[in-house]
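Construct the complete structure from the given sequences, taking the supplied hints into account.
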Amino acid sequence: MTFFKADGLVINFGGIRAVDGVTFEVDAGEVFTIIGPNGAGKTTIFNLISRIYDPSAGRLTFCDEDITQVPPHEIAHRGIARTFQNIELFEHATVLQNLLLGRHTHRRSRFVEELVFLPRVRALELAHREAAEKVIDFLDLQPYRDSLIVNLPYGVRKVVEMARALCTEPKLLLLDEPSSGLSVEETEGMAFWIQDIRNLLGITVLMVEHDMSLVSAVSDRVLALNYGRPIAVGTAREVQEHPEVVKAYLGG
Amino acid sequence: MRFVFKTSYAQDLGLFRDPVQRNWYAGLFLAALGLPLLVPAYLPDLSLVFIYGLCGLSLMVLAGYTGLVSLGHAAFLGIGAYTHVYVVQDLGLPWILGLVLAALLSAAVSMLVGVPALRMTGVYLTIATLAFALIIQEVFTQWDRVTGGLKGKPVDKPVIFGISFAKDTAFFFLCLAFLILGLWLTSNLLRSPTGRAWVSIRDSEIAAQSMGVNLAAYKTLAFAYSAGLMGVAGALFSHKIGFLAPDIFSVLLSIQFLLMVVVGGLGSLHGAVFGAVFVAMLPVGISQARDAVPALFSQPFAVLGKPVVNAVFLVLDRFVKQPGLEPGIFGLILVLVILFEPLGIYGRWAKLKLYFSIFPLYKRATFRRQRAYMRSERLR
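From first to last, the protein sequence lines are chains A and B. Residue numbering for the first sequence follows the numbering used here, starting at 1 and increasing by one per position. Residue numbering for the second sequence follows the numbering used here, starting at 1 and increasing by one per position.
Quick caveat, the hints were computed from the structure, so don't treat them as lab data. Beta carbons: idealized from backbone N, C-alpha and C, even for Gly. What you were told as hints is all true, and nothing was included just to trick you.
Partial selection, computed: residues in chain B whose CB lies under 7 Å from chain A: (1) 185; (2) 192; (3) 196; (4) 210; (5) 211; (6) 213.
Below are the DSBU-like pairs computed for lysine-lysine, each with C-alpha atoms no more than 35 Å apart in a straight line: (7) B:157 / B:167; (8) A:134 / A:5; (9) B:6 / A:134; (10) B:240 / B:157; (11) B:353 / A:134; (12) B:240 / B:167; (13) B:351 / B:6; (14) A:171 / B:6; (15) B:151 / B:167; (16) B:321 / B:151; (17) B:351 / A:134; (18) B:167 / B:321.
See the structure below:
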């Protein structure tokens, strides 16, 4: 069975080929990291997987299903959740409300039922709340439960965004630069959480990351990109020592 | 300051925060019931406040919660009003059925418009709704077999299940009942997945989509629900004004509705009601000021002698009787609110409440907006 596979992904923005024939496979239960210099096309790959962009060529397979043509809002229903590099939280809502929106894919109540708030809706809402509270406990967000996002510091917002993605109970979690803008301590905390997400919740993680200490700490396999082309795949150590990668980062 | 001690998740699902808040609303409800005894002369104005409250609610769902600004909501009010009157008076069907059909037809038309229009975003959608409102107004004018055209259409007093609501008091209670029903239904939606999906679309479409929210479906739903509420308001409005003519449902009315939610405070149901009180009562206030202001402000000049008083009186009198004064004051207030209190009357109300609840520790910076730099690289 293929868990997740990107096969020959290509996307052109006008004359620029941002992603040029990227092929990789993620196995269930691993932490797979994409690295590369700025503009290498890492986030673009995420946006292709989220179906925000349409690939010019190539195929995406998730759990043996071709998801290349699936509408963007269906991706979450298939079991792929993501975070954003520049946090995209609902700023004028509380942490709890953000997490509850993460439960949207598990919505079972109908519009008319919600209009009069039937006991069934109440029971379903309580179940959503329980699920959100589990994630709050998992990521230690208790002190911030009822704070508005606009009032939270950047580091906490990063965690909240990850919590919201976890609320969808995904099979595959896409983390777009989880450590960007975080302090050293916060980055270490993030590494533990990523390991916990994989080991305790059994969620496969696909991430884009710059911080090599975080990458080496958590990744099973690493893919290095340059100018939209894959240049090396392997363990963090192998990739870091790969001559092409050194050349891409340092020139030469 | 009062803290709510929470012992179960169910507590967060209630309509009210705690019993104390519930009692305040019960008190407010009793006060509303007592209004006919206290201010019998203002009952027609208060009925209009409640109808406008429904309109405010409708636009609040769309603009305040889903983030879609419509400049064509007077058209939905008109569709509701004409449908209701046609169904009840020309087809002779029961009153309540007329109201339901008004809501349904209004919602159906909004979906017809919404499906293409909701592909647009921001100001383009607003312009599309504006164009739609102008077209609908033309339909009201031309389709005289149903609408009575420019000659207009007289509206009978409401009779529901054989009970007449012709009296001002009875109609007042009817409007109050529908406003409370509207508030209840809307707050139910807002504490359910639907309401959360709407808010998520307002705050970040891209994140909403990644969380599995079908943008087109939920935008259309918000549009239809909003138009449905407007249809109900239209049915009541037709009885309030007693005579339908196409020029009532003009763009100016749509702008007044928008003013209502902005002045009231975007993103809160309180704001819709505050805004309705403001917009419906301002003309009453202005007309009273018309009589009082010249006499009041010319008095201090009495020390300078009678001729000066008379001259000042005449100048002031001529000023307040200018025909364009009302829209001018509306516009001025809108500008002032956006400049000094972007959260509207509700924002001011929230600040006032906080001031007294944490007295003397209130600090101005609590509500000061912080500049955020992290959202610079938005997708699309």
